[in-house]
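Number of protein chains: 2
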Amino acid sequence: MDNFTFHNPVRLIFGQGQIAQIAKEIPAGARVLFAFGGGSIKTNGVHAQVVAALQAAGLFWLEFSGIEPNPRYETLMKAVHLARAEKLDFVLAVGGGSVADGCKFIAAAIPFDGEPWDILAKRARVNTATPLGIVLTLPATGSEMNCFAVVSRDETHEKLSFGSPAVWPKFSVLDPESTYTLPPRQIGNGIVDAFVHVVEQYLTYPAQAPLTDRMAEAILSTLVEIAPAAMSNPPDYQARANLMWCAAMALNGLVGAGVPQDWATHYIGHELTAIAGIDHARTLAAVWPGVMAVKFEAKKAKLAQYAERVWNVREGSVDDKARAAIAHTRAFFESVGVPSGLAPYDLPADIADQVAARLDARNQAPLGEHGDIDSAMVKRVLAAA
Amino acid sequence: MDNFTFHNPVRLIFGQGQIAQIAKEIPAGARVLFAFGGGSIKTNGVHAQVVAALQAAGLFWLEFSGIEPNPRYETLMKAVHLARAEKLDFVLAVGGGSVADGCKFIAAAIPFDGEPWDILAKRARVNTATPLGIVLTLPATGSEMNCFAVVSRDETHEKLSFGSPAVWPKFSVLDPESTYTLPPRQIGNGIVDAFVHVVEQYLTYPAQAPLTDRMAEAILSTLVEIAPAAMSNPPDYQARANLMWCAAMALNGLVGAGVPQDWATHYIGHELTAIAGIDHARTLAAVWPGVMAVKFEAKKAKLAQYAERVWNVREGSVDDKARAAIAHTRAFFESVGVPSGLAPYDLPADIADQVAARLDARNQAPLGEHGDIDSAMVKRVLAAA
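Quick mapping for you: the protein sequence lines, in order, are chains S and P.
Read in order, the letters of the first sequence are residues 1 to 385 in this note's numbering.
Read in order, the letters of the second sequence are residues 1 to 385 in this note's numbering.
Because the hints were derived from the structure by calculation, they are not lab data.
Hints are not guaranteed to be accurate.
Stated by the list, open to error - Listed next, the stretches of chain P that the computed footprint assigns to chain S, with coverage defined by at least 3 CB atoms under 8 Å from CB atoms of chain S:
| # | segment |
| --- | --- |
| 1 | 3-13 |
| 2 | 148-156 |
| 3 | 222-228 |
| 4 | 241-252 |
As the structure is a prediction and not an experimental result, all values here were calculated from the model.
Just so it is clear, CB atoms sit at the ideal spot from N, CA and C, and this is done for glycine as well.
Please work from the sequences and hints to get the whole structure.
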């Protein structure tokens, strides 16, 4: 078990009817930037609930809509200019992980002294940010319970991340009913996203951290258990509630406590989204089998443990169990409608070269828990995927 | 899954050599009350590490020693008077759960306007407190990661609790090596204390919260796995580390998220400590089998789930599995040297009447997740124990 620091100050307000709580969580007198995405919150009742809460609190607000999936720097800067011009001093993100991530960037950029793109491209330090709260409508990224964000830039086809304690959400409201109108594709993506967040922190090598391992297995087992009901229509409250709680727990620091972490699948996946526009979760499901194939020897001990505890595989050697774990996982991704490989996507022939070159250009490789996945190995990963 | 709010802002700094970190966690210029217990920290090197860190930070401090197990109001008020007289503005608790709890009370009492006893006896509201940090040396109570405390008063043989967001520790440092000099009795007590904290939140009735259930099972299974090594001498770093992490996770709000909770064992146990001076953890192990016996029908569904997942019981009916769960748990308590019943203790003949009368006097009964354990049932619990 490695040394670690765990700190997560987000106030998570969870359950039916809880959107009304934002009235007492946003400071009195705040001038609110109410930011959202494509307008689905207007048809599913969430917009009306937020407006009712803001009115109940007597708050001033301006709306900013149009934050897209893989939020674009160009869009977010419009919100930053609005907030600066109107002296807005609280950012309320209402939507999924893209809106949450976009609003973290907006919150950091509003008071930023300099070129905000540097926050992403040059990892400029974010010392302060406009306070931020989230109303989550799509369980997936875990952005609601961490201080990280990923932002894309059209101009350069880049997808970059930043993190700062300044952008911890002051609160996040998770009402499972707000997920009822999501299409199955988004629920499937969310399940895969949460699942891969956990395996990035879990499927490395044994590190004598049995509690952290079991917490990871708790989330994975629960996702497997609730996935069929979470995909169902009419929506099942309990399944959606557990999915929401799993997604938040998957990336809030707990399952990374005291253990090595991988994240190679994510770094490679981000480039696939940036180059080819594939949904984030779909890149993860597509790349992950390739990482497992290439790093099989280094990971097989943990893969076998995962096979036993999550997939109830009792027979065979360590290698057999590890292979069974990969097969079960791929089947699970497929069961929620997400392809577990790159074959279904129409990618350029040189995609592996492009991804490797982009990772190299930003010194992001070598990747993985051993820091040994260099650009040559990235090409093998993509070939295997 | 019930609605819930999860919020835990404690910065947990975990691992070997981490006590030195307090130098940057305590605000510059603070005047520190360095409070501890019976002096064991002077022989195991923790005192010297804390002094070195305080010196490195150039901080002023005064020491206050002698906070006893089941910290006494009378002792704590001496520290309050010292802090007020010397204008100390940061409380550093160095020790186990009793020191941590005692220091939460000290931190709340220093700025309290009125009679501090009212915080405990009349649940007077604590709106502000002197900031507090903890260096933990005994994994057990979980006080290092919550905002609750229990304090005793000699004069009236009372043991009372309070909680307030004002007494969240700003940080808690958990160095597993600081537990190396603990006697086996204290390790055994710590294992039982953490274990029972989890079962109080887990062994109720099914509530469609599979993730929270599995998080509870993760802690219980880990405690079972690491207990033999944690009890060993010479000390095993990994076992002590996992025990420390389990104890913190057992009472930080996570395993209570979205589920009903019991706590009858704790309320009854507190009275046994107050009346007869039995170690806190020992009262829990002694009372718990009685609660299970009396509430068997209401709890057997969760007891059977617990039998399957933590004790690997695969055969028999729900009743059989539930009974096996109780037997395994009692054997586990005994395996770490803690009696699983009241028989070994020399108690007054009317102990059940005394406990029931004291709970009634403070309107604490009825207890339990169904609120149906009245004073008559408390007597049956103690008879069964």
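Each hint, compared with the structure:
| no. | hint | in the structure |
| --- | --- | --- |
| 1 | 3-13 | holds (count 11) |
| 2 | 148-156 | violated (count 0) |
| 3 | 222-228 | holds (count 3) |
| 4 | 241-252 | holds (count 5) |
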